[in-house]
Structure formats: structure tokens, C-alpha cells
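A.B. asks: Use the sequences and the hints to build the structure in full.
Protein chains: 4
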Amino acid sequence: MAGQIFRYKYRVAYTDCTVGNHIYYARYLDILELARGEFFRDLDEPFLKWQNADTIFPVIECRLRYKSAARYDDLLTVEIGVGELDRVRLGFAYRITKEGDMDIVLGSTIHACTSVNEKLKRIPDVLAAKLAPYVQSTSP
Amino acid sequence: MAGQIFRYKYRVAYTDCTVGNHIYYARYLDILELARGEFFRDLDEPFLKWQNADTIFPVIECRLRYKSAARYDDLLTVEIGVGELDRVRLGFAYRITKEGDMDIVLGSTIHACTSVNEKLKRIPDVLAAKLAPYVQSTSP
Amino acid sequence: MAGQIFRYKYRVAYTDCTVGNHIYYARYLDILELARGEFFRDLDEPFLKWQNADTIFPVIECRLRYKSAARYDDLLTVEIGVGELDRVRLGFAYRITKEGDMDIVLGSTIHACTSVNEKLKRIPDVLAAKLAPYVQSTSP
Amino acid sequence: MAGQIFRYKYRVAYTDCTVGNHIYYARYLDILELARGEFFRDLDEPFLKWQNADTIFPVIECRLRYKSAARYDDLLTVEIGVGELDRVRLGFAYRITKEGDMDIVLGSTIHACTSVNEKLKRIPDVLAAKLAPYVQSTSP
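Each protein sequence line maps, in turn, to chains S, F, L and W. The opening position of the first sequence corresponds to residue 1 in this note's numbering, with each subsequent residue numbered one higher. The opening position of the second sequence corresponds to residue 1001 in this note's numbering, with each subsequent residue numbered one higher. The opening position of the third sequence corresponds to residue 2001 in this note's numbering, with each subsequent residue numbered one higher. The opening position of the fourth sequence corresponds to residue 3001 in this note's numbering, with each subsequent residue numbered one higher.
No lab work stands behind these hints: they were computed from the structure. Everything numeric in this text was worked out from a predicted model, so none of it was measured. Don't take every hint at face value.
Computed cross-link-like contacts, EDC-like style, restricted to lysine to aspartate or glutamate with a CA-CA straight-line distance of at most 20 angstroms [to be verified]:
#1 S:LYS49 - W:ASP3074
#2 F:LYS1049 - L:ASP2073
#3 S:LYS67 - L:GLU2118
#4 F:LYS1098 - W:GLU3118
#5 L:LYS2098 - S:GLU118
#6 S:LYS9 - S:ASP44
#7 L:LYS2098 - L:GLU2079
#8 S:LYS9 - W:ASP3042
#9 S:LYS98 - W:GLU3038
#10 S:LYS130 - S:ASP44
#11 W:LYS3009 - S:GLU38
#12 L:LYS2098 - F:GLU1038
#13 W:LYS3098 - W:ASP3073
#14 W:LYS3009 - S:ASP42
#15 L:LYS2119 - S:ASP103
#16 W:LYS3067 - F:GLU1061
#17 S:LYS9 - W:GLU3038
#18 S:LYS119 - L:ASP2103
#19 S:LYS130 - S:ASP42
#20 L:LYS2049 - F:GLU1099
C.D. replies: The following block contains the structure:
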């Protein structure tokens, strides 16, 4: 990635794993939610604050490419950047690695910005300004 | 068990399993929810109907005893009876088996009867009448 | 889709839902696994049979587009077809609907064909022959 | 509790919550697994080390009492102590709180000590010695 990046550490638990001792393919989306949550908290803009201000970010698309297996007790690093920052759309780019440089998953999610009743609304300027340094010129 | 019993079939998926190819211990509670849902649907009293009538049944206690492992693709039978039927409390007794008679899990859950805002309320008579034949004289 | 299609019914449970009463975005991948499992069982080629013959189908990519929210107790239909059928790769195309024609999720997964030790191997001819009628000329 | 206690912090995510914005009842067992994992890591006795030494601790019983709801973004504290320390059995007692002193869940799990092939074996002395200070004279 080529903008600023937020990093989140995650320890793989038995609940994440399936037969054959690797993370079940859906569980990565749970892990990406945790990473997004801590990213926004780190920006001092937690999702709950925005939800209380009638602004939520429902996922409208996700894509994951599974590169290698992660196993029980592995310590993963989730790198998260902003892949797209539009008037009403927000995209994240993710890279999950272990042991420094082994790619586990590359992925992206695209979110709408809406009211709690799911009407499209403009991404708040204050949030867009904080996200801008994380915009990636190339996706992972 | 010694009253009427409702039976629900469940096929074990990869998402339920963990390292060592057995069902992760929390997943049984998900399976018990599915069994309760189909039990109430079979009584023609689906939970959604009661929720729309401002009556829900939050869990206040659960207990599970794990007897044998269930594995990927096993076809489980969940037996469900009523362990307790009080003015404002409702308990279920469960037995999960495979291959006819191998005990996998024995368990119970206790639920309050409340409004959607979680104020205790009396279990509706019509529901209590339908549940009465399923009351077990002895727990599993 | 424009080839043969397998259909799988799924009833939404509380375990699938999150805040705001809609299915959590990762849970759809669990539902797609259930649909694939029943598809292969319907072909008389359950995944367990192939696993016991040292042939598994790990996911190497998935993509989901979320069109509308599904809610507690909704009865979903998962349509599944074959999007790609290569020498060592197998792709599925999915459409999840409710109430007959409301699109909930459109998606795809791509799987490798490997030994249990994750060495690439050719998709068995007998399986490829059974999947062929389900190949879609256009993706959903 | 009345012995030494290990404390683990957990931030509630959307993936944990269900309709009505509270943690789904099964998810607490996932959280307790995370707490046990960090407890044993803190003792310098991670479960993976023991698994590699052919010693695992399958759950044979669990019990949870739900006292209050936990909601999205709540920061939970899991207190964990040893409820039982036998030759081949190990029990944990848990108390999950939020905002310092509001009880969310009180619970316990009982584990066997077995080989990876699930034959009972004696709890290793070195582990028993490290767990001894955490034995509770009264359960929570």
C-alpha cells in the first residue's frame, strides 16, 4: 500500500479455526471488523459515536483472496488503509500477514454512508479529513 | 425424557468445527437456538409472532454437558422438551445424539418471559397450553 | 443464471443477526457453505466422501455484493450454479433472495482442488461430469 | 472470588451482537476461550505448547448465568479463577463485568486433561503448581 496504514494485531483462537487447523474462511470478515473498529477508535472517531450521530457504514461489497493458511495461536497483523473515499462511499483495503511478511489474506470492503434508517448521506467532512492520509494510491 | 418431545435434525458443517474435527463448544448453543425456533414454529407459535406481540424469551441460564464429539457431516438429532414452565420462566431440556443413540450433548436453558423492553411478564396462556404436553417429569 | 441451478432454503436465526436486525456480513459465507454442502450431497458427491479420497476444495477467493438486508425469521433461497470449471479450479456463483425475487446477496467463491495436504490436483472426472450441467454461461 | 484472579479485557463488536443490540448468548463462550488463552499465556503455559506436548483440555461441562446485557462497543472485563483442580479435571470460574461492577455473566467450565487422542491423563505438575494460586475457595 502507498498511503498511511493502521495496524491491528490478532491472536487466532480455536473459535476461528475449522477442520484441518486453519481459520474458517468467513472468520476473516469478523477479524476485519475488529480491525476497522480499532482503526476508527485510533482516529478518535469510533463507530458508536457516529451511530449515535445517525451515521452508519453498511457493507455493500467485500472481496477476499486467501493466500496462505493461518493456524491456531498464530499472531496476525491486519494492515488497513483507505481504498476509496467518495462522497457517499468508503472503501478499505486490507492485508493480513503473519510472521512479518507471509501474506494470509488480501481483501477489500466497500461501505455506504447512510443514516441509521439506511438513507444515503454524505461522509462527514471531519471524518473524511481524518481518513485522507490513509488513502492508498494503489490497492494491495 | 418423560413427556412429549420435539426432534430437530442438524447436519454438521465446517463452520461448526474446530481444530481436531469436532464441534466447537459454543456452537451447540447456536444449534439449540435453531431447534427451539423450529419447535415453536411446529407449535404454530414462532418467536417472531411473539416478538411482534411484545413478548420475548431472553436466556437467563444455560448448562451443557459434553458427552462425545460430533464431527463434520454428522447428522445430529436434537431432542427438546420443556424442563420448567412457570409463571414468568420457561426452561428447556435438550439431548443431542448421533447415530440413533450416542449422546453428544445434554443440556438445558432457562428463559425469562419479558416485554421487548425486558420487563418480566406472564407467559401467555395460549403458549403455556401448547407447551404443557412437552413438560418432562424428569430431566434428561 | 443460464445453466442448471441448485436451490437451498435457509431460515434466518438470531445467531445470524446483528445490531439493527439484519444478517451480519460474514454470516452469508457460512450460509453459502451450507448451500454448497447440500448441493454436493444432492449430486451424490458429498465433500466428506471426497475428503476421505484425499480431495478437498479450499476457498482461494470470495466476493459478495450486499443488495438488501435479510432479517430474523426470513426464509432465504440460495441459488447456486457453477461459475468456473477448470482443470484444478472450481468456481460457484450464488444468488440469495427472499420473498421470491428480492435480491439479498450476489456472490461467488473460487476453490482450488487439492489433496488434504494442499497440493493441487486435477478435479476428478466423475465430479466434473456431474457439475457440467450447472455451468453458467453468464454470472449472476 | 477468593484466590488470585486473571483479568482480560474485551471490546464488544458487531459480530458478537444480535437483534436488540446485546451479545448473543453463545458468544460469551467464545469470549471465555479468549480469556483462558490469555490466562495460560500469562502463566507462560500457552495451550499450544501443551498441545504440542500431547496434552489438551477438552470442555466437558459449561454453565452460564446471564445477569445483564452487554452491548456494542462495551468494554468488558473477564475475571477468571480456578474453580477446581483435580488429578485429571480442571475447572474455571468466570465473572464478566462492565463499567467496573455491573455483572454481565457468571459462569464456569470444567475440562478434562487428555492426550490429543482424548485419553485421560494427569494434569502436569508444573501446570498445577502455576494454577494453584488461582484456586478459589468460593465460586463466584
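A.B. asks: Is LYS2049 (chain L) within 20 angstroms of GLU1099 (chain F), Cα to Cα?
C.D. replies: At roughly 18 angstroms apart (the allowed maximum being 20 angstroms), GLU1099 (chain F) and LYS2049 (chain L) satisfy the hint.
A.B. asks: Checking one constraint from the list: CA of LYS2098 (chain L) to CA of GLU118 (chain S), max 20 angstroms. Satisfied?
C.D. replies: holds, 19 angstroms
A.B. asks: What's the verdict on LYS2119 (chain L) and ASP103 (chain S), does the C-alpha distance respect the 20 angstroms limit or exceed it?
C.D. replies: With a Cα-Cα distance of about 18 angstroms, the restraint between LYS2119 (chain L) and ASP103 (chain S) holds, given a limit of 20 angstroms.
A.B. asks: LYS49 (chain S) and ASP3074 (chain W): Cα distance at most 20 angstroms?
C.D. replies: holds, 12 angstroms
A.B. asks: Verify the proposed pairing of LYS119 (chain S) with ASP2103 (chain L), using a straight-line Cα cut of 20 angstroms.
C.D. replies: Within the cut-off at roughly 18 angstroms; holds.
A.B. asks: CA of LYS67 (chain S) to CA of GLU2118 (chain L), is that 20 angstroms or under?
C.D. replies: Holds. LYS67 (chain S) to GLU2118 (chain L) sits at ~12 angstroms (cutoff 20 angstroms).
A.B. asks: Quick one, are LYS3009 (chain W) and GLU38 (chain S) close enough, alpha carbons at most 20 angstroms?
C.D. replies: Cα-Cα ~14 angstroms, so holds.
A.B. asks: Assess, step by step, whether the Cα of LYS130 (chain S) is no farther than 20 angstroms from the Cα of ASP44 (chain S), and give holds or violated.
C.D. replies: holds, 9 angstroms
A.B. asks: Measure nothing beyond the straight line between the CA atoms of LYS98 (chain S) and GLU3038 (chain W); if it is 20 angstroms or shorter, mark the hint as holding.
C.D. replies: holds, 19 angstroms
A.B. asks: Does ASP2073 (chain L) sit within 20 angstroms of LYS1049 (chain F), going by the straight-line distance between their CA atoms?
C.D. replies: It holds: about 10 angstroms lies between the C-alpha atoms, which stays within 20 angstroms.
A.B. asks: Against the 20 angstroms threshold, does the CA-CA distance of LYS9 (chain S) and ASP44 (chain S) hold or violate the hint?
C.D. replies: holds, 19 angstroms
A.B. asks: Take the C-alpha atoms of LYS2098 (chain L) and GLU1038 (chain F), compute the straight-line distance between them, and say whether it is at most 20 angstroms.
C.D. replies: holds, 19 angstroms
Of the numbered hints stated above, none is contradicted by the structure.
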